[in-house]
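Student: Heads up: the sequence lines are chains A and B, in that order.
Mind the numbering: the first sequence is residues 1 to 252 in my numbering, read in order.
Mind the numbering: the second sequence is residues 1 to 173 in my numbering, read in order.
It is worth saying that the hints were derived from the structure and are not from the lab.
C-beta: ideal position from N, C-alpha, C; glycine also.
Treat the hints with caution; some may be incorrect.
[Said to hold, decoys possible] Among the chain A residues that face chain B by a calculated CB cut under 8 Å, a handful are:
| no. | residue |
| --- | --- |
| 1 | 156 |
| 2 | 161 |
| 3 | 185 |
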Amino acid sequence: MPTRMLRSFVALPWLAALVLQAILVGVLLAKRMWRKFPLFATYAGLNLALGIGSYVIFRTGSPFAYFVAYWVKEAIGLSLGLAVVYEVFSHLFRPYPGLRKLAALVFQGAVVLLVILGCIVVYAQPLGEHTRIVAAFYIVEEAARILEVGLLLSLFLFASAFGLHWRQYVFGIAVGLGIFVTVELVAVTMRVQFGITANPVFNIVRTISFNSSLIIWISYLLAPELATSPSELPKRAQLEQWNRAVMELIYQ
Amino acid sequence: MTTIIVVIVLALLALALFYVGFRSRRKQAANRPVRPLDLTAFYTLLDRDDEAFLREKLSRRQFFQLKRLRIKVTWKYVRRIADNSATVLRLAALTRLDPDPNVAQAAAEVADLATHIRVQCLVAFAKLAAEFAFPSMQLTPAVLAPKYESLRQNLSRLGSLHPQDVAPLASAI
Chain A
1 MPTRMLRSFV ALPWLAALVL QAILVGVLLA KRMWRKFPLF ATYAGLNLAL GIGSYVIFRT
61 GSPFAYFVAY WVKEAIGLSL GLAVVYEVFS HLFRPYPGLR KLAALVFQGA VVLLVILGCI
121 VVYAQPLGEH TRIVAAFYIV EEAARILEVG LLLSLFLFAS AFGLHWRQYV FGIAVGLGIF
181 VTVELVAVTM RVQFGITANP VFNIVRTISF NSSLIIWISY LLAPELATSP SELPKRAQLE
241 QWNRAVMELI YQ
Chain B
1 MTTIIVVIVL ALLALALFYV GFRSRRKQAA NRPVRPLDLT AFYTLLDRDD EAFLREKLSR
61 RQFFQLKRLR IKVTWKYVRR IADNSATVLR LAALTRLDPD PNVAQAAAEV ADLATHIRVQ
121 CLVAFAKLAA EFAFPSMQLT PAVLAPKYES LRQNLSRLGS LHPQDVAPLA SAI
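Using the sequences and the hints, build the whole thing.
Tutor: Laid out in C-alpha cells, this is it:
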C-alpha cells in the first residue's frame, strides 16, 4: 500500500507536468514562437514527446526500458537546455553588438572555469550510489548542470552589470530555465551524495520545480509583450519647478 | 561535503541574481526618469588637491570621517552615471536600427562609450569601496567624469541627427 501511494504521489505531479507541457507547446504553436525561439520550441516539444514516452514506459514497460528512456530524455534535455541558454544569450545581446564581443569573451572564460569546476566536482565526489554506471550518469549530469547554472548566472550578472533591458519573453525563458536547472543541480547533488535513499524526495522535488518553471514559461509567453521605450525624461518645466522649490528652501 | 557547499552557494547566488533581474525589469517597466548630473560638483568631489588640503588641516580621525562622507556622496553620483549610461545604452541600441547610416554610426559610437562608462562605473564602485574601508588610500575614479562629459557631447551630436528621440535625453543627463 505505501508503495502504491508513493507511485501515485510521484505520478500526480508527473501527469500535471505533462498537461502543463502540452499547454506550453500549444502556446508556442498558437503564438508562432518557433520562429523567434526555435531552440526553446524544440526543447519544449521534445520534452513533451519524451515525457509522454517515459510515462508510458514507466507504466507498462520493464525497469530497464525505463532506465534507458530516462537517460535518453536527460541527455537530450541537457543538450537542448544548453542550446536554450545560447538562444537567450543571442536575444539579449542582439541590440548591443559592441557588448556582444565583450560578453562572448566573458562567456568563453566562464565556460572554461565551469568545466574545470565540473571536473573538480566529478573528481571529488564521494559516491552514495552502488551501481557504477548509474553513479557515472548522475555525476556527468551534475557537472553539466553546473555548466548550465553557471552560464545562466553569468548571463544575469552581465545583464545586471550593464543595466541591459530584458525583453519579456527572453526573461521568462531565462528565469524559468534558471529555476528548473538550479533546483535540478541541488537535487542531483543530493542524489549523488545520498544514493537511492534520496530517490523519492529527488523525484518529487525535481517534478515540482519543473512544473513551476512550466508555469513561469506559460505565464510569460501568454502576457502581452510591452513595447520598449526609453526612460521617461524630466520635463524642462518640471526641472525649473524643482529648481525654484530648492531656491525657495535655501533663501527661507 | 565540499561539493554540496559549492553547489548550494552556486544555487543561492543564481536565485539571488534571478531576483535582481526580476527587480530591475520591474524598475525599467516603471519607467523611472533619468536624473541629471551636476558634473562640476562631481569634479569637485574628485578633486585630489581638495583632499590633500583637508588631510593637512584636519586630524586623522576627522579626515577619515569626512572622507567616508565624501565617498558616500561620490557613490551616489557614480550610481547616477551608471543609471544614465544604461538608459543611453538602451536608447542607442534602439537608434542603431535607424535607416540613416550617419545616425546608426553615431548611435554605435554612443553605445560603445556608454558601455565603456558602465565598465568604468564598476571599477569606480570597487575603488570607492576600497577607499571607504581604507580612507588613507587614494583611488579616485579619474576617467569617469571626462568620459561622461564625452558621452554627453556624443549624445548631443546624435540628438542633432535624430532630434525626436535622442535630443531630450541628451539635454537631460
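Student: The hint names residue 185(A) as touching chain B; please verify it with the least Cβ-Cβ distance against 8 Å.
Tutor: Given a least distance of 6 Å, the restraint on residue 185(A) holds.
Student: Grab the minimum C-beta distance from residue 161(A) to chain B and call the hint holds if it beats 8 Å, violated otherwise.
Tutor: Interface hint status for residue 161(A): holds (6 Å vs cutoff 8 Å).
Student: Close enough to count: is the Cβ of residue 156(A) nearer than 8 Å to one in chain B?
Tutor: Result: holds, 4 Å to nearest chain B Cβ.
Every hint from the earlier list agrees with this structure, and none is contradicted.
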